[in-house]
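One letter stands for each residue in the lines below.
There are 2 protein chains.
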Amino acid sequence: MTELQVHNFSISLDGYGCGPSQSLDEPLGIGGERLHEWIFPADGDRAPVDERFVSRGVEGVGATIMGCNMFGPVRGPWEEFGADWTGWWGDDPPFHHDVFVLTHHARPRVEMAGGTTFHFVTDGIEAALEHAREAAGGRTVRLGGGVATVQQYLRAGLLDELHLAVVPVLLGGGERLFDGLGSALADWRCVEFAPSRSVAHVRLRRAAADFDTMGA
Amino acid sequence: MTELQVHNFSISLDGYGCGPSQSLDEPLGIGGERLHEWIFPADGDRAPVDERFVSRGVEGVGATIMGCNMFGPVRGPWEEFGADWTGWWGDDPPFHHDVFVLTHHARPRVEMAGGTTFHFVTDGIEAALEHAREAAGGRTVRLGGGVATVQQYLRAGLLDELHLAVVPVLLGGGERLFDGLGSALADWRCVEFAPSRSVAHVRLRRAAADFDTMGA
Chain A
1 MTELQVHNFS
11 ISLDGYGCGP
21 SQSLDEPLGI
31 GGERLHEWIF
41 PADGDRAPVD
51 ERFVSRGVEG
61 VGATIMGCNM
71 FGPVRGPWEE
81 FGADWTGWWG
91 DDPPFHHDVF
101 VLTHHARPRV
111 EMAGGTTFHF
121 VTDGIEAALE
131 HAREAAGGRT
141 VRLGGGVATV
151 QQYLRAGLLD
161 ELHLAVVPVL
171 LGGGERLFDG
181 LGSALADWRC
191 VEFAPSRSVA
201 HVRLRRAAAD
211 FDTMGA
Chain B
1001 MTELQVHNFS
1011 ISLDGYGCGP
1021 SQSLDEPLGI
1031 GGERLHEWIF
1041 PADGDRAPVD
1051 ERFVSRGVEG
1061 VGATIMGCNM
1071 FGPVRGPWEE
1081 FGADWTGWWG
1091 DDPPFHHDVF
1101 VLTHHARPRV
1111 EMAGGTTFHF
1121 VTDGIEAALE
1131 HAREAAGGRT
1141 VRLGGGVATV
1151 QQYLRAGLLD
1161 ELHLAVVPVL
1171 LGGGERLFDG
1181 LGSALADWRC
1191 VEFAPSRSVA
1201 HVRLRRAAAD
1211 FDTMGA
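These protein sequence lines map, in sequence, to chains A and B. Residue numbering for the first sequence follows this note's numbering, starting at 1 and increasing by one per position. Residue numbering for the second sequence follows this note's numbering, starting at 1001 and increasing by one per position.
Errors might be hidden in some of the hints.
[What the hints assert, rightly or not] Covered stretches of chain A, going by a simulated chain B footprint (3 or more residues, C-beta under 8 Å):
no., stretch
1, 8 to 22
2, 165 to 171
3, 190 to 203
Don't read these hints as lab results, they were simulated from the structure. All C-beta atoms in this analysis are idealised placements derived from N, C-alpha and C, irrespective of residue type, glycine included.
My request is simple: use the sequences and hints to build the entire structure.
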């Protein structure tokens, strides 16, 4: 079965996946851009372990799913706020495959340069995963953000791997990843701990299905 | 001014300083002992960076403050539960200096072997700090746990340094360090990020006083 994986999801030391007071001007919340500085270091020189994880988020990935907040600042019907909005990434987004955007508001798909096509899925996270698996053609499906979207897939038991980059900054508020998950992570384990000079990479995986049922 | 510092405070990836359901049998909560395995590795062989941080928690430390839950499982008056209780550490505790235990219940001080004396402070965290500073004789005062005690000192603005070891395990519940702190950490910064093979060490410090007042 094609796996659903989260790659390079940055959280602050105090557990936030974005900063407080998200807005049009601060789409990542106040201070939230500090979560991603390790991906775009000021000196342009990524540490080898960081480079490896960034590459892992692209190689072998055949389709992407994201929440509508990651796609854009649009809240509500597209007509009202952003009928022309085609994401943060310009005319040639860095995906180069089918991207499934979770939304409550239907919209025709948008074909971009470079092979990226945005599909707008209104019938829920399971339907989005089904579409993405088909589109991925045997490759991995990557789940983008934001926090609420990752939580939804975790709670539904649909995620197979979660790679976090713990960034040594304090945001003091925002959306916390490890919140309201109940026992959704009870069977999850750390399978890799690989710190770089700037972040601590942690790869978590759901225990295999035969482990899940051994106690039953 | 003698600094008040927290050393080697372990938190899980999901932010907990101890596991869920603390009890006499599980004083660190379920799974909580996994937070401290890096200090006592199974092969007995600490990584150099871990060794450096463990040493830093001893060298130059002249007195210790801890919450009563760290001292023992005693809840309520000593007569009822533990008039003979002298801590988890045996006859010769590893402190070798004055230790101030925060409690609501007065009790005469207890002198142990090796130079450790337990004092029981009933007049609050500021009084405990004052006593500890006197006892430390110019050396650092170390603040032990638990989570609630560290939070109290953080909220009161009395802590100078907080060294965390982020452990790549999930506890799923327990006491969360970064909770209910409001803006207490607004002026705090990461001054060192030093991962080992097993944990990510993060040293946080409060900005100097002249920074605090610059915006005023």
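Verification of the hints:
no., hint, verdict
1, 8 to 22, "holds (count 3)"
2, 165 to 171, "holds (count 4)"
3, 190 to 203, "holds (count 8)"
Checked against the numbered hints given earlier, the structure satisfies every one of them.
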